[in-house]
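Protein chains in written order, with full-length UniProt numbering: chain A, 1 to 122; chain B, 1 to 230.
No wet-lab data here; the hints were simulated from the structure.
Do not take every clue at face value.
The list that follows gives simulated cross-link-like pairs (lysine-lysine, DSSO-like), each with its CA atoms no further than 30 Å apart [what the hints assert, rightly or not]:
| hint | chain 1 | residue 1 | chain 2 | residue 2 |
| --- | --- | --- | --- | --- |
| 1 | B | K114 | A | K67 |
| 2 | B | K151 | A | K84 |
| 3 | B | K142 | B | K42 |
| 4 | A | K84 | B | K42 |
| 5 | B | K142 | B | K174 |
| 6 | B | K43 | B | K114 |
| 7 | B | K114 | B | K181 |
| 8 | B | K56 | A | K67 |
| 9 | A | K84 | B | K181 |
| 10 | A | K70 | B | K166 |
| 11 | B | K216 | A | K70 |
| 12 | A | K116 | A | K32 |
| 13 | B | K142 | B | K56 |
| 14 | B | K151 | A | K89 |
| 15 | B | K43 | A | K67 |
| 16 | A | K84 | B | K43 |
| 17 | A | K89 | B | K216 |
| 18 | B | K222 | A | K38 |
| 19 | B | K216 | A | K84 |
| 20 | B | K114 | B | K195 |
| 21 | B | K151 | B | K93 |
| 22 | A | K67 | A | K89 |
Here are the computed distance ranges between Cβ atoms for each label pair [to be verified]:
| hint | chain 1 | residue 1 | chain 2 | residue 2 | range |
| --- | --- | --- | --- | --- | --- |
| 23 | A | G60 | B | H116 | 38 to 44 Å |
| 24 | A | K32 | B | A39 | 38 to 44 Å |
| 25 | A | R113 | B | A59 | 34 to 40 Å |
| 26 | B | R152 | A | N33 | 29 to 35 Å |
Note that the Cβ used here is the ideal one computed from N, Cα and C, for glycine as well.
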Amino acid sequence: MTRLTAPLLRKPGRRPAIPPFQFQEILPLALKNRISGKSGADNEVCCLPEMMNMLSCFRGHDFDQSKCGKEMQAFQTCYVNHLKNLQIKRKKESLGLVPGLNYTEMSPTQVNRLLKIYPLLK
Amino acid sequence: MAAYKLGSMIDCISKPYKRMILQKIQVRHGRYPATFIDAVPKKNDLEELQKEGVMKELAFSPVKAAPNDLSSSLFRDSVINHFTNIVMRKGQKKLARELVEETFVAIKRTQLAKFHASSAESKLNIELSPRNIFHRALENCKPIIILTPIKRGGMTYQVPVPVTPKQSTFIAMKWLIEAGKNKERTVHFPEQLSKEILDAFHNQGRVVKQKQDLHKQCEANKAFAHYRWS
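Just chain A, with the same shape it has in the complex (with noise of 0.2 Å):
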């Protein structure tokens, strides 16, 4: 007769451990030579104080735009100045790779330009 207490009476015991988890390098783990410029500082909204100063002045004065010149003249001037501002912004980039800029006034593509020909040392 086949001996079946013990067996089925025995505590179950630990499986078998997971062997240690081995890192993959998938990608190489270096900085590639291209930025994609989509963080920045050109997302903030243009002269969102100026717009909520001026609409809450609307809504005190009853929609009455005479009572509030100096809340309208600030909006436009700050908006007109932003326009600028982009303008020559762009007519800067547009120049292509300009020596003597600093990394910071640099524009995604002139980086990208300037790492395509100085590529990172690997």
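Here the structure of chain A is known, so what remains is to put chain B in place on it, guided by the hints.
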């Protein structure tokens, strides 16, 4: 650029076909190189340029052909010309010009009647120039902020955004003309338009109300303002 390419494409086509295509296609852009400058028709502007000291540089630069509505007349007003162009439908410029002129005549008549009916003291405060009235009315109709639909996360939000001076001028003109067209069948367009312009001049009326309503909506939607991309 596209039109430039089109031009070079047309150059390759044989003559009779080329003429046929050129009659059909309207190429609406300046073919001038960057060295060409705009024509300066007014004497005062020329004098100002001379004062600024830019004249020496400009003296030998080539000049673009003047647009056909440019003139050195004292009565030329680029804003009113623009307004006429927006009144125009189907390229009927002559009709548009007549309508605007009739509007100004109607404004003048109304103001003159008011002038003669009022006392000597209040006569000083009555503006009689239709041009000045038009410009002031336009100022009163210009929105400073507008709503624009922006899609975020599957929803379309009406987001308040600032307008450029050019854009707000166009909106004001469009509103005035729309108000002029919203009338009884028996009333003529110039008559209605003159009424709307005079109302706007006094900071009242439909168009000013429309502008205020837009500002109110912008105020109500100011929570969405950060959805705007600069």
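Now for the hints, and whether the structure bears them out:
1. K114/B <-> K67/A: 29 Å, holds
2. K151/B <-> K84/A: 27 Å, holds
3. K142/B <-> K42/B: 28 Å, holds
4. K84/A <-> K42/B: 27 Å, holds
5. K142/B <-> K174/B: 10 Å, holds
6. K43/B <-> K114/B: 36 Å, violated
7. K114/B <-> K181/B: 25 Å, holds
8. K56/B <-> K67/A: 46 Å, violated
9. K84/A <-> K181/B: 37 Å, violated
10. K70/A <-> K166/B: 21 Å, holds
11. K216/B <-> K70/A: 19 Å, holds
12. K116/A <-> K32/A: 11 Å, holds
13. K142/B <-> K56/B: Between K142/B and K56/B the Cα gap is close to 39 Å, so the pair fails against 30 Å, i.e. violated.
14. K151/B <-> K89/A: 27 Å, holds
15. K43/B <-> K67/A: 39 Å, violated
16. K84/A <-> K43/B: With a Cα-Cα distance of about 29 Å, the restraint between K84/A and K43/B holds, given a limit of 30 Å.
17. K89/A <-> K216/B: Between K89/A and K216/B the Cα gap is close to 34 Å, so the pair fails against 30 Å, i.e. violated.
18. K222/B <-> K38/A: 26 Å, holds
19. K216/B <-> K84/A: Distance of about 28 Å is within 30 Å: holds.
20. K114/B <-> K195/B: 14 Å, holds
21. K151/B <-> K93/B: Not satisfied, since the Cα-Cα distance of roughly 39 Å exceeds 30 Å.
22. K67/A <-> K89/A: Violated, at roughly 35 Å.
23. G60/A <-> H116/B: 38 to 44 Å: Once the Cβ atoms are compared, 41 Å apart, the range 38 to 44 Å for H116/B and G60/A holds.
24. K32/A <-> A39/B: 38 to 44 Å: Roughly 52 Å apart at Cβ, these two residues miss the hinted range, so it is violated.
25. R113/A <-> A59/B: 34 to 40 Å: The hint (34 to 40 Å, Cβ to Cβ) holds, given that R113/A and A59/B are roughly 39 Å apart.
26. R152/B <-> N33/A: 29 to 35 Å: Cβ of R152/B to Cβ of N33/A: about 34 Å, so the range 29 to 35 Å holds.
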